[in-house]
Amino acid sequence: MDEPLRLEAGSESPATSLAETASFEGFVAENQTRLFGSLCLMTGSRYEAEEIAQEAFVRVLERWERVHRLDDPTGYLFATALNVLRRHLRRAGIALRRSIGVSPSEDAFGAVEDRELVFGALAQLPLEQRAALVVTALLGYSSEEAGRMLGVRPSTIRARATRARAALRDLIGEEL
Amino acid sequence: MIDERDLLERALRHFEPEPGLTDRVYRRRDRKRRNQRIAAGVVGIAVFVAAVGLVTTFGSSDRTQPGASGGAVTGPTQTGPAETGPTVDPDTGWWLDAGTPELNLPPEGAVPSTPEEGVLVAKYRGFLPSSGVYVYADGRVISWLIHSAPPDRINERRLTPEGVELVRSGAIQAEDLLYAEDLPAHLWEDPELKPYVPSRYSVCYGREGSEPADPSTLLRFFPAPARAILLRAETSHAARTPPGCNGGEGRSFVVTTDEARALLEILGAMSWEAPTPGMVRIEDSEGVGIYWAIVMMLPDGPPPCTDCF
Numbered sequence: 005m006d007e008p009l010r011l012e013a014g015s016e017s018p019a020t021s022l023a024e025t026a027s028f029e030g031f032v033a034e035n036q037t038r039l040f041g042s043l044c045l046m047t048g049s050r051y052e053a054e055e056i057a058q059e060a061f062v063r064v065l066e067r068w069e070r071v072h073r074l075d076d077p078t079g080y081l082f083a084t085a086l087n088v089l090r091r092h093l094r095r096a097g098i099a100l101r102r103s104i105g106v107s108p109s110e111d112a113f114g115a116v117e118d119r120e121l122v123f124g125a126l127a128q129l130p131l132e133q134r135a136a137l138v139v140t141a142l143l144g145y146s147s148e149e150a151g152r153m154l155g156v157r158p159s160t161i162r163a164r165a166t167r168a169r170a171a172l173r174d175l176i177g178e179e180l
Numbered sequence: 013m014i015d016e017r018d019l020l021e022r023a024l025r026h027f028e029p030e031p032g033l034t035d036r037v038y039r040r041r042d043r044k045r046r047n048q049r050i051a052a053g054v055v056g057i058a059v060f061v062a063a064v065g066l067v068t069t070f071g072s073s074d075r076t077q078p079g080a081s082g083g084a085v086t087g088p089t090q091t092g093p094a095e096t097g098p099t100v101d102p103d104t105g106w107w108l109d110a111g112t113p114e115l116n117l118p119p120e121g122a123v124p125s126t127p128e129e130g131v132l133v134a135k136y137r138g139f140l141p142s143s144g145v146y147v148y149a150d151g152r153v154i155s156w157l158i159h160s161a162p163p164d165r166i167n168e169r170r171l172t173p174e175g176v177e178l179v180r181s182g183a184i185q186a187e188d189l190l191y192a193e194d195l196p197a198h199l200w201e202d203p204e205l206k207p208y209v210p211s212r213y214s215v216c217y218g219r220e221g222s223e224p225a226d227p228s229t230l231l232r233f234f235p236a237p238a239r240a241i242l243l244r245a246e247t248s249h250a251a252r253t254p255p256g257c258n259g260g261e262g263r264s265f266v267v268t269t270d271e272a273r274a275l276l277e278i279l280g281a282m283s284w285e286a287p288t289p290g291m292v293r294i295e296d297s298e299g300v301g302i303y304w305a306i307v308m309m310l311p312d313g314p315p316p317c318t319d320c321f
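Heads up: the sequence lines are chains A and B, in that order.
Note that the working numbering has the first sequence beginning at 5, numbered continuously upward.
Note that the working numbering has the second sequence beginning at 13, numbered continuously upward.
It is worth saying that the hints were derived from the structure and are not from the lab.
Some hints could be false.
[Unchecked claim] Examples of chain B residues toward chain A, derived with CB under 8 Å:
#1 Arg17
#2 Phe27
#3 Glu28
#4 Thr34
#5 Arg40
All residues carry an ideal CB built from backbone N, CA and C; glycine is no exception.
Whenever a hint applies, use it, and build me the whole structure from the sequences.
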């Protein structure tokens, strides 16, 4: 499943009218912080979050004439971003590289002052668990929707989110 | 009782994208369109060349074959004629693939880029498609743009001092240098694309899984000749051990091109391909494994791991 919420083939025109351009820019302004932040939490990297967010917005822009008429353009944006993330991870094998200690130098969690507990705890979770937790608990998608976005079964999403919650409780539960 | 949603909402507030995301999105869209046009042009040329080849083959079988490198191109672009030289592989990135070292190692006798080290003035990185431009104070512009397999080379060309100053001032963005024709000709000291020939490589290795291990334990995995190279590298280049591969329990050393070539020969024969291309695995008699990889270095050091792909 490469394109969740796929649009009809041939939809490629960018926003050409001033009104559409303005509405796309408004859409970016409205969603950029939440998308970027969610991607930071999932990837642990501001760099990766920026790249994925940019690519997701570009894909939306290329289809804006149709996307802005959808019931939930924001859902389309997040689904696109997660699809980009999934492909990117599969290709790059980031998880394995991280496992031997060749982690990115620009660590989003490390960049935050005081290294708050929540970042430290999230950083210890496997990326798949982080993604499942962020998509369901923060973004509010169902297991079925999250499964479609991340290319796994709903039961896998539920299991990952459950494990992530349990780990979070173990890691920071007593200190909140 | 933890409320995960509240927890994550609080965490979210710490992350704001850099200002100007909309402009960056528009620029990315424009680059993407241009790349698509160029890719389409390359396909068109390839079809034309193939057609000419067919006519030549069937029309005159005794004619001398033209050279293997590509035909004339109008001005330097990232899709220049094929030459031997290090490349960025779409799958392995900067990581040398032990199975195909010729992809990333320069040919024997290739003259390394000079000076060996350089001060970075500006850089641009994109990964969809993977592309990058690194601009150095000495005028070097090292860039790559991956369209598809086979991978494009890592290229080098040179700006004039005036060109460097314009980049430094921000009047010219590093990403504008992906294509030489985007810049006035007088700002190029040498606009011709040449293969970038690195003089240094970073050898990174670390224990399988997440258990920490001291370096001496990890070194024991390597056969004596490889260990000798790494120990020598540690002695001679300790001060320049790159940070990009040095996190966690991993370890890295800087080696010369010849040392990287020798390591690949020694280790390539005894390694198993890891699930991640470009990274390989060796194990001791008890089946405990380590992963190792060799990363090509730029004049200012290794690309950070986020540049690996």
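We went through each hint and held it up to the structure:
no.: 1; hint: Arg17; in the structure: holds (5 Å)
no.: 2; hint: Phe27; in the structure: holds (4 Å)
no.: 3; hint: Glu28; in the structure: holds (6 Å)
no.: 4; hint: Thr34; in the structure: holds (5 Å)
no.: 5; hint: Arg40; in the structure: holds (5 Å)
The structure fails none of the hints (numbered hints given earlier).
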